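Asks: Those protein sequences? They're chains P and E, same order as listed. Per our numbering, the first sequence starts with residue 155, numbered consecutively. Per our numbering, the second sequence starts with residue 2, numbered consecutively.
What the hints contain is simulated information worked out from the structure, not anything from laboratory work. Since the model is a prediction, treat every value here as computed from it, not as a measurement. Be careful, since some hints might not be right.
[Stated by the list, open to error] Facing chain P, a subset of chain E residues (Cβ under 7 Å, in silico):
no. : residue
1   : Asp156
2   : Pro190
3   : Val308
Even glycine gets a Cβ: it sits at the ideal position worked out from N, Cα and C.
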Amino acid sequence: MLKSSLGLIALSSLLLSGTAFAQEKIKVGVTATLEGTYTVLGEDGIRGFQTALNVLGKKVGDKELEFVIASTDATPDSAVRAVRKLIEQDKVQILLSPLSGDEGIAVKNFAKTHPELTFINAASGAQETTYVDPAPNFFRYNMDGAQWQVGLGKYAYDTKGYRKIATVGEDYSFIYTQVFGLVLEFCGAGGQVTNRQWVPLGTKDFASVIAALPDDVDAIYLGLGGADAVNFLNQYQQAGGKAHLMGGSIMIDQTILSSKGNAKNALVGTLAASGQADTWEDPGWQKFVKDYQDAFPPNKRFPSPSLLATNYYGSTMALILALRQVNGDLSNNQAKYKEALAKIELDAPNGKIKLDANRQAIGTNFVTEVVDDGKGALFSKVVKVIPNVNQTLGYDPAVFAKIGLPSRTVPECKKY
Amino acid sequence: MTRFVERHPAWALVVIIAIALALWLIFAVWPPGLEEAIGRKRVFLNALFNGITLGGLYFLVASGFTLIFGLMRNVNLAHGSLYLFGGYVGYAISASTGSWILSFIVAFVLTALVGVLLQVLVFRRMEGQDLRQTMVTIGLSIVFADLMLWACGGDFYQIQTPTWLIGPIELPLITAVKSSGEPVYLRYPLVRLVIFLASVIIGIAMWLALNRTRIGMIIRAGVDDRDILAATGVRIQIVFVLVFALGAGLAGIAGVVGGTFQSLSPGEDIRFLLASLVVVIVGGMGSIPGAALGALIIGLAEQLGSVYIPTYAIVVTFLIMVLVLALRPQGLLARR
Numbered sequence: 155m156l157k158s159s160l161g162l163i164a165l166s167s168l169l170l171s172g173t174a175f176a177q178e179k180i181k182v183g184v185t186a187t188l189e190g191t192y193t194v195l196g197e198d199g200i201r202g203f204q205t206a207l208n209v210l211g212k213k214v215g216d217k218e219l220e221f222v223i224a225s226t227d228a229t230p231d232s233a234v235r236a237v238r239k240l241i242e243q244d245k246v247q248i249l250l251s252p253l254s255g256d257e258g259i260a261v262k263n264f265a266k267t268h269p270e271l272t273f274i275n276a277a278s279g280a281q282e283t284t285y286v287d288p289a290p291n292f293f294r295y296n297m298d299g300a301q302w303q304v305g306l307g308k309y310a311y312d313t314k315g316y317r318k319i320a321t322v323g324e325d326y327s328f329i330y331t332q333v334f335g336l337v338l339e340f341c342g343a344g345g346q347v348t349n350r351q352w353v354p355l356g357t358k359d360f361a362s363v364i365a366a367l368p369d370d371v372d373a374i375y376l377g378l379g380g381a382d383a384v385n386f387l388n389q390y391q392q393a394g395g396k397a398h399l400m401g402g403s404i405m406i407d408q409t410i411l412s413s414k415g416n417a418k419n420a421l422v423g424t425l426a427a428s429g430q431a432d433t434w435e436d437p438g439w440q441k442f443v444k445d446y447q448d449a450f451p452p453n454k455r456f457p458s459p460s461l462l463a464t465n466y467y468g469s470t471m472a473l474i475l476a477l478r479q480v481n482g483d484l485s486n487n488q489a490k491y492k493e494a495l496a497k498i499e500l501d502a503p504n505g506k507i508k509l510d511a512n513r514q515a516i517g518t519n520f521v522t523e524v525v526d527d528g529k530g531a532l533f534s535k536v537v538k539v540i541p542n543v544n545q546t547l548g549y550d551p552a553v554f555a556k557i558g559l560p561s562r563t564v565p566e567c568k569k570y
Numbered sequence: 002m003t004r005f006v007e008r009h010p011a012w013a014l015v016v017i018i019a020i021a022l023a024l025w026l027i028f029a030v031w032p033p034g035l036e037e038a039i040g041r042k043r044v045f046l047n048a049l050f051n052g053i054t055l056g057g058l059y060f061l062v063a064s065g066f067t068l069i070f071g072l073m074r075n076v077n078l079a080h081g082s083l084y085l086f087g088g089y090v091g092y093a094i095s096a097s098t099g100s101w102i103l104s105f106i107v108a109f110v111l112t113a114l115v116g117v118l119l120q121v122l123v124f125r126r127m128e129g130q131d132l133r134q135t136m137v138t139i140g141l142s143i144v145f146a147d148l149m150l151w152a153c154g155g156d157f158y159q160i161q162t163p164t165w166l167i168g169p170i171e172l173p174l175i176t177a178v179k180s181s182g183e184p185v186y187l188r189y190p191l192v193r194l195v196i197f198l199a200s201v202i203i204g205i206a207m208w209l210a211l212n213r214t215r216i217g218m219i220i221r222a223g224v225d226d227r228d229i230l231a232a233t234g235v236r237i238q239i240v241f242v243l244v245f246a247l248g249a250g251l252a253g254i255a256g257v258v259g260g261t262f263q264s265l266s267p268g269e270d271i272r273f274l275l276a277s278l279v280v281v282i283v284g285g286m287g288s289i290p291g292a293a294l295g296a297l298i299i300g301l302a303e304q305l306g307s308v309y310i311p312t313y314a315i316v317v318t319f320l321i322m323v324l325v326l327a328l329r330p331q332g333l334l335a336r337r
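So that you can see chain E by itself, here it is in the shape it has in the complex (with noise of 0.2 Å):
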């Protein structure tokens, strides 16, 4: 921190500005000449705090990614397919047994499952051949994509709400305040905010798993140097197999929140891999902080986009996304 500050001076000026400003249109009571100009407060906070949440779904699948990526350098592109996989097997659990906590476990169990048949019948074969993994990843995802639309047809499902999530919640953010002086507070759907702060929850774990433990340590030796490591005695072949279990089950978690405030139909996967390829690509292949800074970025992007340039919505994140590519190929938070 200390160190960008006396790199960049002006830079860090500008970030110190911007965060200001945001606090400022976040906290303060808009001045009516403001809300002529760029709308009513209230619809800018629910798009910044909607950018926020969906921001933290995003980062549950592309968390995942960039892990499998780091250490095993596997562009793994049925990733999408282990998403609606998890997403659909939440579904069936949340209908037959009632329990919404109760389908993010089995979605976890069963997906991470599937991650390591896929590490252990597949990657394993190829170990270090980049494009035929690639390659054989496309096509699994197209054979899970045909087998997932002939198990569950082209519906669209939704996880049921538990009844405790449904319905907003006032927050002590004041968006307007009425002609007898009362304010109003915002009002926010509860179940967002619940599911942010698991994806918070789970980044910092997994932070927190990766930087104060002694698999965390050598998952990130393997990152750095997988033949060093692999020659130091380590069981390499376990920590992938791991490693890829995690990421699976990951994916297999968001795939239940996705079904919960949004919802599941063929073509979700495609999505959902999109938009995780889009996210480490800003954040930086391979890092877990810049999965959280890509995945909050193209949350906000779109949903601000959204509103306030319905139109050029589609294209905004694709132009974070080339920007990032033509200034910093290696993405905003790579480490090398």
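In isolation and in its complexed conformation, chain P is listed as follows (with noise of 0.2 Å):
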């Protein structure tokens, strides 16, 4: 009897004194693509992540941030398991996580699982993650794949005189919501997509995709990412492709634009649509860019950050920031935090940022053109910018409903 009562002793005395030594310190896990088709993608997001702390420091009020990176290769599965283990063997309090589409789904879920802890979405952007039941403890601060190609569809039909496109891209969540942003307002200006391809994620030889496209159309809207684009690129030059092309928001993107190879000269023109523009001249903009070169040397980071960086950079400015707020109280469940999140206007390079109802962000988009900078450098130079881009894009939300969840053949190409 005194026997086991002295061990629970030791052992509360043990629990105590480890609570007592979280409360110093404040531990944030944070998942990157850092394995796989997505790596340079996670890793410039890192980068991001690194330059936000470099400008705030990881103070708040007394107590210390203390974070720990996990890897994960863009599967749903791989997210998932990669939080787990930040939750129960590394005992974070608050997640950064994930950055690719079908893990922000994923993790949405299981955040529902751990209602006591605060998940901050790094840069995933597939519609369904927070339009779908959304989890009352997740928020992202990074728009999603739809609200990124506002104002592309209207800009290629009107200016370009685009009628009829094809698209090819990654059979997965993210790449469909990017579609149903093309589709909806390209179509709605009265454009046709005659034609839509879809790869797995992953996918290396591209030859019997790239003979597949078809020749009656005015552009080609690549949907890739990562290797994935970079594949494609080179296979698109070895059989001789000429077509004119457009974008998405990790295609033209300084992942693929700071590619090694002369593979990516075919993108020099190519019309595209982003939560950010290389070369827009916005003071924050421009301070955010320098933070970035001044971080690393040159030869460890692209030449101006990618979307990846700067979402990274948003989510962890909005998880310092509203920690500030409520000077690093975490108790009751985080409530106070999570109060202070949803209501917290971020002040972010690429424009200012606030939550909706369902903890999306509404932004600002820009639709761009690949120019190259006499270097052989390649960067996005804005053509046209959009301010407060909501999640259902300007339509009614009953409206909005009916047109259904992005997949494959989803939305139909007629004017909503």
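Using the hints, put the two chains back together into the complex; each one sits in its own frame.
Replies: What follows is the structure, encoded as structure tokens:
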């Protein structure tokens, strides 16, 4: 009896000292795709995250932030595994996760099993994550794939005069969401999308996909990212492809525009839309670019931050600023912190960001064109800035709900 | 050939009809009805050629794998790592010297050297213990993967195609006839044709070396009965080292090829290990012609699958493997 109660006391004192120790530090878990097709995206995401720490510092009141980084490979199960490890083994209290679309949906669902913790989306952009059955403790400070395509369809139709396009995209939720945004606007303006090809994430041999591209279209839209995009461009060049191109948000991005080899030159003049534009003249953006460039030696970074770096920067900013507002108070299941997160308005490098009722970002979108800076480096040049883009893309929520969720065939090519 | 016809006349007829149909699909101008049913001929021809050229790459990787297995009964699960290593070496050489051809030579020599080290330091110590060898090679492949990730990072690399190989050429195959009556010829990436040709040449050279030379005779004898061969006074360990070097070197060459028309990144090692496992299981473990046939079937299945049944393209290759394992578990062209 005495023995066991002694043991109990020893155990509880151990636990107490554990919590006392945790109060000194706030543990934050971060995930990024540091393996597989999207490795380069994950690496630049982490650079954005580190840039934010450089600028904002790690102190919250008298507490210090401690970070644990875990790697994923863009598959939903790898993301859940990483998040579970961070929570169960590393005992993190806040999560900055994940990077990729399918991961986002899985982590959002997982977040519901830990209502006491806070999940801040790092960069993922599938619509479903915050639109369908959102988790009350999941916050997303970047726009989704469809919001990132706002302006592209109209610009292509009105200014470029494209009437018929075809799309090639990776077969998963984020690209579905991107094509959703594009098709909705392009077909709404009167254009036609004749053919939508889907390829598995991690496809290496695109030759047959390239051969199956239709000839009778004005432009081909590419919704690819990371290694897939580089492989596609390389083989597109070998096959002698010459069509006009349009690109999604991770296709026309420094992760691809700075890749080695000359296949990327096929992208000069390509029209795209994204949550950022490399050459935007806004002072906030320029300062962020400089912070990013100063944080890493030139051979360890891109000439200019990628969309992933920007997203991780914005999410980290929200994480730290909201934590400072509540002075690091995570008591009562982090209730105060969650309230602060829902209300916070960010002055992010890529424009002002605030959250809607589903804790989804409303932000600024950019239509861009790829230019060569004369020294062989490619950048996205801003041609149009569209502020206040919300998740229903300006549609009445009831009309938007009728369109259906992004998938291989949704939306239909018509005016809604 | 004649024996096959005599023994299975019905199957022979099916094969002949299939070949005739394939030839007609390739050379004839498709009637409009067919184009409506299964798409344009250009797409079909491209998928077919891509399948064959991809098969060439798979053959390069799998032939080394099957050669090593055939002689030494080692299932070398670090073969994918040798592929990736060869690719990285090829990239480094081609980036620093600008010579594509030189990158092949250096990649071959260095991976062959790694193969020799593997054989001398690892496999010789556990000869005849299949399970231990397999486990050790799994361990090694993980170590190699992390070492390469440490040295080269997670970035994807592409070996620069030499300028004389960039772009398509026109092949004398008519894909369609314009309304003016002018025929449209198939345009196909030159680099893939060159690589396919090279793998055919390597395949034939290997076949000749195995069947027409003294060293080939020794290797074939070793495949049949290692102990008797050793008893006749052949220095079997040297033969083993040579074969391992050749098999590893081929994987290195394949890495340069793969880095040229696809790309190199962490994870490629596992992908090509898996591909060569499937290829040799389909073709028959230890058989060079089997590896060629298996590589062709898997390449075609992947490419035709990605065009005609994109949703299920990933499972097609495994379906083929399951079918072969169910109906002819020793592989299509296995001798025993």
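Asks: Please go over all the hints and tell whether each is borne out by the structure.
Replies: Do the hints match the structure? See the list:
Given the 7 Å rule on beta carbons, the hint for aspartate 156 (chain E) holds: about 6 Å separates it from the nearest Cβ of chain P. Checking proline 190 (chain E) against chain P: minimum C-beta separation of about 4 Å stays under 7 Å; hint holds. For valine 308 (chain E), the shortest C-beta to C-beta distance to chain P is roughly 5 Å, which falls under 7 Å, so the interface hint holds.
Of the numbered hints given earlier, the model fails none.
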